[in-house]
Amino acid sequence: MRWGVAVFPGSCDDDDVVHSLRHVLGHDVRTLWHKDPFDGRCDGVVLPGGFSYGDYLRAGAMARFAPVMQGIVDFAATGGLVLGICNGFQILCEAGLLPGALTRNESLRFVCRRVTLRVEHARSPFTRTARPGDLLEMPVKHGEGRYYADALTLDELRDHGQVLLRYADAVGGTPDAANPNGSVENIAGVCNRRRNVFGLMPHPEDATEELLGGVGGLTIFSSMAAEVERRNGA
Amino acid sequence: MLVKVFVTLKEGVLDPQGKAVENSLHSLGFGAVREVRVGKYLELNLDVAEAGDAEQQAQRMCEKLLANPVIEDYRFEVSG
Amino acid sequence: MLVKVFVTLKEGVLDPQGKAVENSLHSLGFGAVREVRVGKYLELNLDVAEAGDAEQQAQRMCEKLLANPVIEDYRFEVSG
Amino acid sequence: MSDATSPAAAPVTPEVVHAHGLTDHEYAEILRLLGRTPNLTELGVFSVMWSEHCSYKSSRKHLKQLPTEGPRVLHGPGENAGVMDIGDGLAVVFKIESHNHPSFIEPYQGAATGVGGILRDVFTMGARPIASLNSLRFGAILHPKTPYLVNGVVGGIGGYGNCVGVPTVGGDVYFDECYDANILVNAFTLGLAERDRIFTGKARGAGNPVVYVGSKTGRDGVHGATMASESFSEDAEQRRPTVQVGDPFTEKLLIEACLELMRTDAIVGIQDMGAAGLTSSAVEMAGRAGSGVELELAQVPLRERGMTPYEILLSESQERMLLVVHPESVAEVRAIFERWDLDAVVVGRVIDEPVFRVLSEGRPVADIPVAALTDAAPAYDRPAQRPPRQDEIQRLDADALPRPESMTRVLEQLLGSPNLGSREWVYRQYDHYVRGNTVLAPGADAAVIRVKGTSRGLALTVDCNARYCYLDPHAGGMAAVAEAARNLSCVGATPLGLTDCLNFGNPEREDVMWQFSQAIEGMREACLALEVPVVSGNVSFYNETDGVSIHPTPTVAMVGLLEDVTRIATPWFKEEGDLVVLLGLNRDELGGSEYLKVVHGQVAGKPPAVDLVLERGIQRTCRLAVEQGLLSSAHDVSEGGLAVALAECCIAHPDRAGFGAVIEIEHRGRADALLFGESHSRIVVSLKERHCGLLQDIATQENVPMAVIGEVDGDRLAINDLVRAPVQRLRNIWSTALERYVK
Ligand SMILES: Nc1ncnc2c1ncn2[C@@H]1O[C@H](COP(=O)(O)OP(=O)(O)O)[C@@H](O)[C@H]1O
Ligand SMILES: [Mg+2]
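Protein chains in written order, with this note's numbering: chain S, 1 to 234; chain W, 1 to 80; chain B, 1 to 80; chain U, 1 to 743.
Honestly, the hints are just simulated from the structure, not real lab data. No experiment lies behind these values; they were computed from the predicted model shown. A portion of the hints provided could be inaccurate.
[Claimed, not checked] Computed footprint of chain W on chain B; a stretch qualifies when at least three of its residues, placed anywhere within it, have a C-beta under 8 angstroms from a C-beta of chain W:
1) 23-36
2) 48-62
3) 70-79
By construction, the Cβ of each residue, glycine as well, lies at the ideal position given by its N, Cα and C atoms.
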């Protein structure tokens, strides 16, 4: 599996993603510098977390204009797998690759904690090694992670099974207490209609080793790898 | 040309900051305060001669970058 | 009464947000943009009858809470 | 002071001299050193370089007492940060620094720029910052300003640290009315470097270009260094325009660009522009190399129009660094900084003549021998005197204390009090996972991070009980070092070295100087006994408002090494049936306790005494037991005493409700002293019964008293017939304690 990890000025979790993919999973990884065009020669692209361009206007607002993004948009248009984590999710929403927007946490505070996520659909390249109802643990850390979409969009998301992950409690319920940021309907991650672009606020790359507290994040990366294998094998 | 841009949250979008300001004002004794909404205010100088040109550019800047249409409305004023 | 409050950074105070927006606008091709400053814009309804009363309250709200006098200036408008 | 901003031609009158915080005697010395009258710009340069903050003029003599050597020390005090060898060709670089006064004036920006400053001190030495700590002291929790200050400071630390992508893995927070008008914000950062690629701040090699990189210069913080060296008064809030604003995004770029440049051979010397900005970085770099520096101010990138040489030289704008590079490398330096969208401009050169020479468009504006600013800076042996009231403070009539009716109620009261409640509300606002090394996040006795590519780990903690220091600065200084080392030992780490931030009152007062020298003496003894060298630090004097000093607060941040990062202990109980064991002795010491303060409203008595021999034995016992995998949990007894420590073992698990325990301790004295006295050198551990013998062997060998005091059991905590409470209830009280007040 060959990965590309985009690096914007202000990306913070790029090294963590690279570490997880390269050293934990043993995959091929290259970084995609924001000023360079992207040639599309990858099996999957990750937009990592951080504060691209300082996130000074709105999170992700400026990164979508980076030269590398055009190539990523084209890549997605041909069905390439694109994963946006945290700031990457914000960028994908700003770029219109994913519906909705990420707004200031309801608490108005940055939140860093472990959360439990309920897998809503396994029919996606990002969750295919899981089963619906599976619970994954990984950390969130963000100040602007409250997912918002209007009622119409929410209906569509539901109709097409685009909500892949929701914040949940230890037994799989979705009470407010399990929701770290006030996201509508406890939504933690959504994909596009075509199911090849996925964004989530939690950080799978920070949950790939037992030493660091658990491996809930591996599901996302290995699902993508399995999908690529399936595609290549087919 | 001076351009002033006002970006506000769309109606229906939760504004926790506005809510927090409202609560604080109440506890400071400003009981008459209702419905606080918090938005952004930008001032920028545009090095163009014509107000019309400035308006056009401001419009495009808002659409492209300054506001996110999913959650925000904008408004701007151009002055000499 | 509707009160509109504009909070801006004092002159001389570093405005990283403004600088970032300016750079982005430049790279989007808006080369005529100079000196962007980003501030806050608040709208609040005041349940009082007199404009004078509203002005006074707005003044005190700005002083006490809405602006940080160490680095910010403010301005407000009261309308019917 | 307004004429300080006018051109250098303005006359230097006695008023101007005083406004710069210089004494008549100091000014006479300047005249002697220069052999002429300084112009206003030069006076400004002297004033910042001779300020307490930059010159350590009141503290230097005492700081020499601290042991700074050890087999692992690569660079001790004197550099931008301390450097220690951790094996595998790697080194850690760390330091702590205060940003107290700016944080009181503008809490968010003050704290944020404090974080920014300490990060620069660390990466300037070639280290990638990988972990931060913060140590905070606020006024009484019910003081009307406290919630505002807490929210601002915590927001600022998170806002900056999160954005630069350095995890904040620990810290401490205390509330006490002595900080009502003078909060403390101390920030610590640790970086990781290759042992053989450490960079220092030396301006070597005449003709080498001096390069300015980073943000443009504005009028921010002109005179920050002198402000940090003056007492506070009501009009301090009028010093508004000098507030510095941080730009963490630019700092992030600066880190990446500098670290990239450090992989080349371009750099001769590098130093951040901290307090006193361009002036101190240029002068200190020249001072260390025995050289001189010539600057041309017309080259300095400016943010504001009409800035005078005085302002440019003294500006404390953030996110700037000064480099000395090889002449042939200038193009390479420019290219790397351009890649990161940052300015890199040649602003001067190194000269042989040891002077600090400043030109503005070719016109000389300052010309001062470097040594006059560094070596010749004043050094004082200020008078120190134990205040007579110290005896009175230390008096405690324990028998006169009313006996609480219910010890369970007291325990609940303590767990819900501002200084003992969970700190989660604070650290939840900090990213503690970024960089993917965090093995033990905030919430344990010490944080643990792994060192990628090795089997090792690092443990970090910061500690200081200022109330002990107030009651007895010698015992308090000792306790700060002992407790920090104990916290490291609890997770299983061996103390490596420490950095300290000595926050005190006005050194011109004899009682403050006495506190200072006593605290250092106590720290010194503990450092020697526990074999922990001091490799860097910072002194913050003048923490007083309108003549009232804070409690002496010598904050100690300590770093420990774990050979095997998979072998660590955590504080919370793990399994029913485990035995609960106390290492150490209950000595019924109530003086200076949180219990006295919270329940009886008293700050009095002698603080608990540290027996350094016992302390050493306890810590070694705990470390060996962790290393051998004997322990299920380990947690030290500190504020709140044994009962609070046991309760924490039940409730401190980050995600789970926790286990209860049944405790039976033999005891004859006062129940409150047993439960809530804060005697040092105690660690509560839990373990399988079958491991007990092995632990006993270690304890015997180390001469450490050890007693089985109970068992992990059920869902309530019971201590003798004194305390009985459901764990869930204790946890609720404890976990919401802080947010109830500050939200
Ligand atoms: N300001 C802070 N920032 C980050 N973590 C903090 C802060 N204050 C306290 N903590 C964390 O909360 C936990 C409890 O702190 P404290 O009660 O001071 O511990 P101890 O008594 O063991 O020294 C520790 O893990 C500490 O790192
Ligand atoms: Mg502890």
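Status of the hints after comparison with the structure:
Given a C-beta distance limit of less than 8 angstroms, the hint that chain W covers the stretch 23-36 of chain B holds, as 9 residues qualify and 3 suffice. Closer than 8 angstroms: that is the beta-carbon criterion, and the stretch 48-62 of chain B has 4 residues meeting it against chain W, so the requirement of 3 holds. Beta-carbon proximity to chain W at under 8 angstroms applies to 0 residues in the stretch 70-79 of chain B; the threshold of 3 is not reached and the given coverage is violated.
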